[in-house]
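Trainee: Read the sequence shown against the working numbering and you will find it ends at 445, with the numbers running on by one and no gaps.
The hints are simulated quantities; they were obtained by calculation from the structure and are not laboratory data.
Keep in mind that this is a model prediction, so the values were computed, not measured.
A virtual CB, placed ideally from N, CA and C, is assigned to each residue, including glycine.
The reader is advised that the hints may include incorrect statements.
[Stated by the list, open to error] Under the rule of at most 20 Å between Cα atoms (straight-line distance), these lysine to any residue pairs were calculated in the SDA-like manner:
(1) Lys346 / Arg361
(2) Lys287 / Ala237
(3) Lys43 / Lys297
(4) Lys216 / Pro145
(5) Lys287 / Lys45
(6) Lys248 / Arg307
(7) Lys43 / Arg441
(8) Lys137 / Glu227
(9) Lys83 / Leu155
(10) Lys287 / Pro431
(11) Lys45 / Ala16
(12) Lys137 / Lys157
(13) Lys89 / Met374
(14) Lys216 / Lys287
(15) Lys297 / Tyr240
[To be verified] Ranges between beta-carbon positions, derived for each pair:
(16) Gly179 / Gly342: 25 to 31 Å
(17) Asp19 / Cys202: 44 to 50 Å
(18) Ala194 / Val392: 36 to 42 Å
(19) Glu74 / Ala353: 35 to 41 Å
(20) Leu420 / Glu272: 35 to 41 Å
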Amino acid sequence: MNDLTNTPRTLPRVSATFDEYTLSEIRRAAATGIYDIRGAGAKRKVPHFDDLLFLGASISRYPLEGYREKCSTEIVLGTRFAKKPIELKIPITIAGMSFGSLSANAKEALGRGASAMGTSTTTGDGGMTQEERGHSKTLVYQYLPSRYGMNPDDLRKADAIEVVVGQGAKPGGGGMLLGQKITERVARMRTLPAGIDQRSACRHPDWTGPDDLEIKIEELREITDWEKPIYVKVGAARPYYDTALAVKSGADVVVVDGMQGGTAATQEVFIENVGIPTLAAVRQAVKALQDLGMHRKVQLIVSGGIRNGADVAKALALGADAVAIGTAALVALGDNDPHWQGEYEKLGTTAGAYDDWHEGRDPAGITTQDPALMARLDPVAAGRRLANYLAVLTLETQTIARACGKSHVHNLEPEDLVALTIEAAAMANVPLAGTDWIPGRNGNF
1 MNDLTNTPRT
11 LPRVSATFDE
21 YTLSEIRRAA
31 ATGIYDIRGA
41 GAKRKVPHFD
51 DLLFLGASIS
61 RYPLEGYREK
71 CSTEIVLGTR
81 FAKKPIELKI
91 PITIAGMSFG
101 SLSANAKEAL
111 GRGASAMGTS
121 TTTGDGGMTQ
131 EERGHSKTLV
141 YQYLPSRYGM
151 NPDDLRKADA
161 IEVVVGQGAK
171 PGGGGMLLGQ
181 KITERVARMR
191 TLPAGIDQRS
201 ACRHPDWTGP
211 DDLEIKIEEL
221 REITDWEKPI
231 YVKVGAARPY
241 YDTALAVKSG
251 ADVVVVDGMQ
261 GGTAATQEVF
271 IENVGIPTLA
281 AVRQAVKALQ
291 DLGMHRKVQL
301 IVSGGIRNGA
311 DVAKALALGA
321 DAVAIGTAAL
331 VALGDNDPHW
341 QGEYEKLGTT
351 AGAYDDWHEG
361 RDPAGITTQD
371 PALMARLDPV
381 AAGRRLANYL
391 AVLTLETQTI
401 ARACGKSHVH
411 NLEPEDLVAL
421 TIEAAAMANV
431 PLAGTDWIPG
441 RNGNF
């Protein structure tokens, strides 16, 4: 008999397909029989703005001196039909996040921070709160399939209206708000029973296609005397056709939200497997506008995973007019701060995971309706943090624009970009770095 006691052992090999997380999810599903629900956006690695680089000016292009030469950032949204387009000082807006998903203090803080920097914030599902309207110089009112909290008076109080067809984390799917976050106030605003899980509809109840959307936009214009810009927001799935149909339906502004965009709560299988990355969506949406002769006439806002000024500058260079931030804005307010690490661990998670927003136990007081937790968030201080963050994003965007020789951030263009990977080059329709090759270019996007 051979003695194998001293034979070297091969180390066990962990499967790339059945990794530790996948195995834990199979065990959880087997034990509970229900699918997993969480908040935030996709966590899988997908091509993103990090895969693009700017070509700074040197001899062929001349850079601007940052301390002496101006680089403008202002943007006007809704110039197509609205009597009162909205004028923003910066091309960075706050995306729609509902009262219910967020606390009243958080909604107030978003309004304070956005107003301090001369930009807009957005209501989200569930209606308009006094805190938000009272502290938002420019407020966009979301008109969603659920119609929760919708009333004509609030439509008229808003500065713009955003018809939400889809969201980047769940295009084609409705949202959720668990019962523990439906307090008496939230229930009253949504005309729902308190403490009962709520599911938002995945499509508008009174229209089924672009012809009906056109009628709905006309109705909204009549209700608001044609004053308010009308946005149409779509989750990135078929951005070329959805953008074209939104324009033909009469939208002043199109919002395209990539799969890195967050959500208050939905199925994880949805978040990780439906929709396309923000990077893949921008150029298709821009191409639709260009083919219709409407680029810059109908403004394009891009959202989903915007984190820093480089992301903003890259979105603008690819043809967007502005960006919207959601997750980053909540982090700026103080969410998922390591200061609360001990309390996050008690919840079975960690600061930075972003996946327990739906349970209403946020230690930072932002994604909760618990009065004791809400009281932890000072809306004045949180608004100041958001304003600081927006200021940094703006300065970073200007820094890059000046380096490329641009006197306005909207003068950034695809020719200022190269890609680090073949995938990013194909998605963004810019050359692979060090070459003049754009993969797949054959006259189509």
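Trainee: Look at each hint and say if it fits the structure.
Mentor: Comparing the hints with the structure gives:
Between the alpha carbons of Lys346 and Arg361 the distance comes to roughly 11 Å, so the proposed pair stays at or under 20 Å and holds. As the CA atoms of Lys287 and Ala237 are separated by approximately 15 Å, the hinted pair is consistent with the 20 Å bound. Proposed proximity of Lys43 and Lys297 is contradicted: the alpha carbons are some 34 Å apart, above 20 Å. Among the hinted pairs, Lys216 with Pro145 is consistent with the structure: their alpha-carbon atoms are about 12 Å apart, no more than 20 Å.
Straight-line distance between C-alpha atoms of Lys287 and Lys45 comes to about 25 Å, which puts the hinted pair past the 20 Å bound. Proposed proximity of Lys248 and Arg307 is contradicted: the alpha carbons are some 32 Å apart, above 20 Å. Restraint check for Lys43 and Arg441: the C-alpha separation of about 30 Å exceeds 20 Å, so the hint is violated. At roughly 16 Å between alpha-carbon atoms, Lys137 and Glu227 fall within 20 Å of each other, so this suggested pair holds.
Between the alpha carbons of Lys83 and Leu155 the distance comes to roughly 15 Å, so the proposed pair stays at or under 20 Å and holds. Among the hinted pairs, Lys287 with Pro431 is consistent with the structure: their alpha-carbon atoms are about 17 Å apart, no more than 20 Å. Annotation: proposed proximity of Lys45 to Ala16 holds, straight-line Cα distance about 14 Å (limit 20 Å). Distance hint between Lys137 and Lys157 is fulfilled; the C-alpha atoms sit about 11 Å from each other, no more than 20 Å.
About 31 Å separates the Cα atoms of Lys89 and Met374, which puts this hinted pair outside 20 Å; it is violated. At roughly 25 Å between alpha-carbon atoms, Lys216 and Lys287 are farther apart than 20 Å, so this suggested pair is violated. About 17 Å separates the Cα atoms of Lys297 and Tyr240, which keeps this hinted pair within 20 Å; it holds. For Gly179 paired with Gly342, a C-beta distance near 27 Å keeps the hint of 25 to 31 Å intact.
Range check, Asp19 to Cys202: about 31 Å between beta-carbon atoms, so the 44 to 50 Å window is missed. Hint check: Ala194 to Val392, Cβ distance near 40 Å, so the stated range 36 to 42 Å holds. Against the hinted window of 35 to 41 Å, the Cβ-Cβ separation of Glu74 and Ala353 comes to about 37 Å, which satisfies the hint. At about 24 Å, the beta-carbon gap between Leu420 and Glu272 misses the expected band of 35 to 41 Å.
Consistency note: the structure conflicts with the earlier hints numbered 3, 5, 6, 7, 13, 14, 17 and 20.
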